[in-house]
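First to last, the protein sequences are chains A and B.
According to our numbering, the stretch in the first sequence is residues 317 to 475, in order.
According to our numbering, the stretch in the second sequence is residues 2 to 594, in order.
Careful: at least some of the hints might be erroneous.
[Claimed, not checked] 16 angstroms max Cα-Cα, derived EDC-like pairs, lysine to aspartate or glutamate: (1) B:K593 - A:E354; (2) B:K593 - A:D365; (3) A:K384 - B:D184; (4) B:K496 - A:E421; (5) A:K388 - A:D365.
[As the list claims (entries may be wrong)] A few chain B residues that face chain A, going by a derived Cβ cut-off under 10 angstroms, partial list only: (6) N160; (7) S182; (8) T589; (9) K593.
Note that these hints are calculated values from the structure, not bench results.
Note that CB positions come from ideal geometry on N, CA and C, so glycine has one too.
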Amino acid sequence: MYPVTELIKNLADQHGRSRHNLLPILQGVVEQERYLSEFSMIEIARELDLPASEVYGTATFYSFLEYKKMGKNIIRICKTITCSMKGKNQIVKTIEEMLKINVGETTPDGNFSLLQTNCLGFCHKAPAMLINYEVYTDLTPEKVREILTKYINNKGKEV
Amino acid sequence: MAMINLTINNKAIQVEEGTTIFEAAKLNNILIPHFCYMENVHQIGSCRICVVEVEGGKTLMASCVTAATEGMIVHTNSERVRSVRKVIFELMLSDHPKECLSCWRNQNCELQDLGNLIQLTEFRYEGAKSKDVIDSSSPSIVRDSSKCILCRRCVTVCNEIQGVGLMNPHHRGFSTFIGPSEDELLGESVCTNCGQCVLVCPVGALKEKDTTAVVWEALYDKTKTVVVQTAPAVRAALGEIFLYDPGTLVTGKMAAALHHLGFDYVFDTNFAADLTIMEEGSEFLARVKNAFTAPGEKAVLPMITSCSPGWIKFMEHRYPDQLDHLSSCKSPHMMLGALTKSYFAEKMSIDPANLFVVSVMPCTAKKFEITRPEMYNDGFANVDAVITTRELGRMIKDAGIDFRNLADGEFDSPLGLSTGAADIFGTTGGVMEAALRTVYELVTGRELPGVKLHIKPLAGLNSIKTAEVKIENPLPQFKFLNGVTVKVAVTSGLKGASVLLDQIKNGTSPYHFIEIMGCPGGCISGGGQPRPVNDAIRTRRLEAIYREDEGKLIRKSHENQDVMLLYRDFLGVPLGHKSHELLHTVYTQRSKN
């Protein structure tokens, strides 16, 4: 059995196998794997006895359910208006330079993916970003460099 | 039921609690312009065209999903409603290629109908187009996403009516598209090719794969003898394309039109429907005999009919371990094709290589069926092309044939004669009734009891229908059946099929014989039939089919003289060696996703 198949089976045991248990299972796979591969979506469909097309439709609807291969750490920078006005572009540029990737890409070592996201609800502390489930606010290029260095020194593991 | 009072367009009206504003208006002869709404099938307010103004409400409301409430004051035609409706329509068009003259739905398009009501003079909102994928991988259905207006009717029929669950919305907002998942092609998916999505698509986003060009080419080819056959359900619906009322039988005109189109022989699939009954009935009796006289062996009952290729593919994907329950009979038009290229070719001394067989079918799945490797004999495809009822209508119009003024024509011999039992193949319950007419008589030597040979509980549009037939005083060779009550079930639409198949899977199925048709109502509302299709139209077509049956002198398959001749001269006996070679098939286990 593939590890992800086992993971999916365990998640289904934990959450149940009805249609309404689909979301927590998708979230559980994303938590472990960082993204939903076609293989995992078909495995989930099989485990829950749902059409694969429905699993795919659900997975692609939600922003935080990634369906393309992602790095171990996913950086999401808020792209909405307040963060934009307060220097989001500077932040993006700093990260792009540090990691040598553009928005939407993953580092060759598979440690980081850089994405933009809609409002994180931290307009009062703009600009803001998420790394995995951690929020970082009041960002400046210096601050971002510091944060990322910590992640890099930890070899891409959360600190 | 509690009644509530409301006012629509200054008219005081009273409706039952729970009625939507749309229905309340309709009941009082107020027609609210609408688009995605399909009565009792699809009411999710996805298109917003049916918006109305409710006094005191902050926003306009989609009338098809808003329940009428006591004291509500509704305006369906206020200035605000009309201008918003227009903008919604304009926005819909902003992401739609307006290439109507090169669209197959031209003049037969619900978006055009809406445009006829709203009357735009300019396109104000031209912008980016969100989709441009054309998927023509399936032999049955073509999906042109650029024309899709995201009404989700196909999603409803694929998920809720058919239970296939392939058509679904993916992504979100402007990037939304409807279909199988991103890189999955219809032709490689679990799609059953039933075409119910094609039937409800209001625009040109889902269509049958057009094979009229291939047929024209064969007709113009001097070296080819072109044979055409028509399914029972076509004659009950083709007339609608030529503006006859639903339920008008056009059997004679259809045969005449096919001769006019230049087909060399016009045969009737109904002939093979009678033949199917002989083969399938014999197969059923063989299985029953096994069950009652050889208790040690595992008898595979219930036996399930195999005429509907959409149903067959569904079964192969969903119930791959239960395939031995399927009758091994090919569907009638495949049988007729196989016979045309063997029996008929031999009789007429035509080289089968020069025979081209066209089937006119109410069905899109038949287009897939003819591509199955099992549907070849001696290296020749049993059937070379399938066109739907709609495609035949287009060919007749294209050829300039004045259909309404045609004198009635006839089917050709020797594969054209059929009985009433074959006619009812076109509707849900028909194959079962036809089979029982023959099986009962073979077993008891007496006619099937029932008014006009009908088994009433098996007719109609209910999802699952059941009946019991008690066998008393059978003929000596069937005395093991004395006192046995034969239990049968009939369903149409794949959701009902799942219910019956789950019973088989769990070992709780009480039935001996099950008829399953892939489309709700059977072939009369197959994916290749004229639009629109709703229960009222289904009922009219169904009644027409029974009229055709009752109008025939011979109404039992085993009394078809030409079928008997075929057995005498060519096939031998039902389930004989030649039958097995030409008329029976095998099934393939397929993956679930």
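Holds or violated: is the Cβ of T589 (chain B) closer than 10 angstroms to a Cβ in chain A? violated, 19 angstroms
Hint N160 (chain B) vs chain A: min CB-CB distance below 10 angstroms? Hint holds; N160 (chain B) Cβ to chain A Cβ min 8 angstroms, cut 10 angstroms.
For a C-alpha distance cap of 16 angstroms, please report whether K593 (chain B) and D365 (chain A) respect it. Distance of about 9 angstroms is within 16 angstroms: holds.
Please work out if K593 (chain B) and E354 (chain A) have their alpha carbons no farther apart than 16 angstroms. holds, 15 angstroms
With chain A as the partner, please determine if K593 (chain B) meets the hint condition of a C-beta pair closer than 10 angstroms. holds, 7 angstroms
16 angstroms limit on alpha-carbon distance, applied to hinted pair K384 (chain A) and D184 (chain B): holds, 13 angstroms
Was the hint right that S182 (chain B) lines chain A, CB cutoff 10 angstroms? holds, 4 angstroms
Is K388 (chain A) within 16 angstroms of D365 (chain A), Cα to Cα? violated, 30 angstroms
Verify the proposed pairing of K496 (chain B) with E421 (chain A), using a straight-line Cα cut of 16 angstroms. Violated, because 43 angstroms separates the two Cα atoms, which is more than 16 angstroms.
The structure fails to meet hints 4, 5, 8 from the earlier list, while all remaining hints are met.
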